[in-house]
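Given chain C's structure and the hints, the job is docking chain W onto it.
Heads up: the sequence lines are chains C and W, in that order.
The first sequence maps to residues 81 to 329 in this note's numbering.
The second sequence maps to residues 2 to 338 in this note's numbering.
Hints are computed from structural coordinates only; laboratory data are not their basis.
Be aware that one or more of the hints could be misleading.
[To be verified] Some, not all, of what chain W presents toward chain C, calculated at C-beta under 10 Å:
#	residue
1	P14
2	R17
3	S18
4	A19
5	T22
6	R24
7	V39
8	R206
9	S210
10	M215
11	Q216
12	L217
13	L218
14	P221
Quick reminder that beta carbons are idealized off the backbone N, C-alpha and C, glycines included.
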Amino acid sequence: MSFALEIRNLKKAFGGLEVTRDVSLTVAAGARHALIGPNGAGKSTLVNLITGVLKPSGGEILLGGSGIGNLSQAERVKRGLARTFQINSLFPTMTVAENVALAMVAHDGADARVLDNISRDPALAARIGEHLLRLNLADTADRLVSNLSYGQQRIVEVALALALRPNVLLLDEPAAGLAAKDVEMLLDLLKGLPDTVSVLIIEHDMDLVFRFAQTITVLVDGRVLLTGTPEEVRKDQRVRDVYLGRRHG
Amino acid sequence: MRKPENTIGTSVPEMRSALRTHRFGWFEIVMLVVFVAVYYLLPGYLPLATQVAIMIIFAISLDLALGYGGIETLGHAVFYGIGGYAAGLYALHVWQEPISGLLVAAIAAGIFGIVSGVVVLRAKGLTLVMLTLACATMVHEFANSMRAVTGGDDGLSGYRIDPVFGLFRFDLFGRTAYIYSVCILVVVFLIARVVANSNFGLTARGIRSNAQRMQLLGVPVLNRLVLLYAISGALAGIAGALSAQVTKLVGLNTLAFTLSGNVLIVLILGGIGRLYGAVIGSIVFVVLSDRAAAIDPFNWLFILGGLIVLTVWLAPDGIAGRFSALTQQLRGRERKS
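Next up, chain C with everything else stripped away, as it sits in the complex (with noise of 0.2 Å):
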C-alpha cells in the first residue's frame, strides 16, 4: 500500500536531548490523521522534521513513496507538502490577496518572473478570487494581514497552505487561540477538502480532533505511544493516564 506520508524509524536530539524517540508513522491517501500528546511530548518538532525546519538525527521521511530527507524546504514544497504554523506566520505587512498570490505564484513555478505584472494577470486575479471566497476571505482580500482578527489570520494561515495545493497538509494546531465559533469554521473548512489533500493535524483541541480525524496518533516523550481510531484512543486507559497525570515510560 502506497501511503502519502510515510516516516521510519525517525530520531531527532538536541545535544543529549532526545526529543523524536524512532518515531514511525504512516499517513494513508486522503487519510483525516490527528497527533496528539501532552505538551513537550515532540509534535511540533516532528512537523519540523517533516518540512526539514530541522534535520533528523537518523531515519526517514517518504512523501508518496519517495525520499524526501535530503530535499531543502522549499523542494519539499514542490513535492506536495505544505504546513501551517502553530504561531501565525504570515506577511504581515501585505493584503490577504497578496499573501495568497506569494503562494499561488510560488506553486505555479512563477515567483521569478520579472516581466509578469501581478495585477494584470486576470487568471492570477480570478484564482485568488475563488480560493478566498471558498476561505469565507473574500471581504478581507485587499486588508493588510496585521489588521485581521486572530481568528482571521488563522484562516489565513490555511488560505496560504490550500493555495500551493498540497497533496499532504500539515496543521500545527490550527485552532490554538480561536473562539468556538472560529473552530466551528474551521472544522467546516477542514470537512470540506478534498480527498486529494491527506491532513495530519497537531490539536490540543480534543473535541475538534475526534470530530475530524479517522486516525488518531498518540505522542509521548517523543515516542508514539498508541495509533488507532478515535474510538480506540478514547478508550485506551494509556492514552488516559498520560493526560490525567500518569505517565508511562
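For chain W alone, kept in the frame of chain C given last:
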C-alpha cells in the same frame, strides 16, 4: 448602496486592486514638468540637477534591494564604483559610445552582484551589513592598489565620450549631460517599476516580510535574493557609469563608505520601499547638501545632519511615507463627509 470601508468582492478588478502595485499618477507628471522646467529656468544649475538625476538612479537601485527585498547593505557604492570604472575603462580602451558603456557597466556590476550575493546574502541582519561593507572595502582597496589600471587615488581620467547616438555632443554647460541623465533616469525608473510590479517584485516583498515562510511556500529564497541583488547592482552600476561619462573622471570616492551611507540617508529621508521615496530623497539630499555647503562651507554637514534628524523624527517613514499617510487621511475625511 455604498459598500462598507475595506470590504470588497471577489471580481477580477477588485482582486487586482488588492494586489497593490505602482500606478502612474500625478507624481510622474509633476516630476517630468520639474525636470523640463529646470532645463529652461535654471540653466546654471544643470550640473547639480544632473547629480540629482544620477543620485535618484542610485537610490532607486538601493530601494529595490533594501526596500523590496530587505537586503540590509552598507556597501552599495561597490556597484556604483564598479559601474563607473567599467564605463571609464571601456571608454579608454574599447569604445567611446556612451549607451554601450552603460550596458557594459550594468553587466559588470550585475555579475559582481551575483558573485558577491551568493556569499553575503546567506547572512542576515548585522552580519549582512558588515559583509556588504567588507565587500565594498575590499574592492576599494583593490582599485587603490591597481594604480596602473584604475589610476589609484588620482582616479581614472583621460578618456572621452562620443556624442549620444552620434548626434548630441557633451557640452561645457552640461545641457546634453542633463538631458542624457534624465532620459536614462526615466528608463531606469520604468525598469524598476516593472520589477516592483512583477511576480518577482511580489516575491521580494514576501521575502522581506517573512523569509522563513517563503521557504515553506517553496521559494528558493537565496536564489531570489541573489537575482534581486544583481538587478539592483546593475542599476547602481548604470548610475556610476553615468557619473563617469558626464564628469570624465572616476575616483576612489565612488567606492567609498561615504557614498554608501549617503544613498542610505537618501532613502531614509525619502521613504523606503516606494520608488518615489528615492526620487524625493535624492532631490532633498543633493539640493540641501549644496545649499548648506554654500551657506556655511565649514559646518554644512552639521546643518544637513540636523535636517535629517528632524525629518526622521517628524516622518519616520520618510517624506513619501508622510505624504502618503496624509493623502490617506484626507481621503478618509472625504469618505466620512
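For each hint, the structure was consulted:
no. : hint : in the structure
1   : P14  : holds (8 Å)
2   : R17  : holds (5 Å)
3   : S18  : holds (7 Å)
4   : A19  : holds (4 Å)
5   : T22  : holds (4 Å)
6   : R24  : holds (8 Å)
7   : V39  : violated (31 Å)
8   : R206 : holds (6 Å)
9   : S210 : holds (4 Å)
10  : M215 : holds (7 Å)
11  : Q216 : holds (4 Å)
12  : L217 : holds (6 Å)
13  : L218 : holds (4 Å)
14  : P221 : holds (5 Å)
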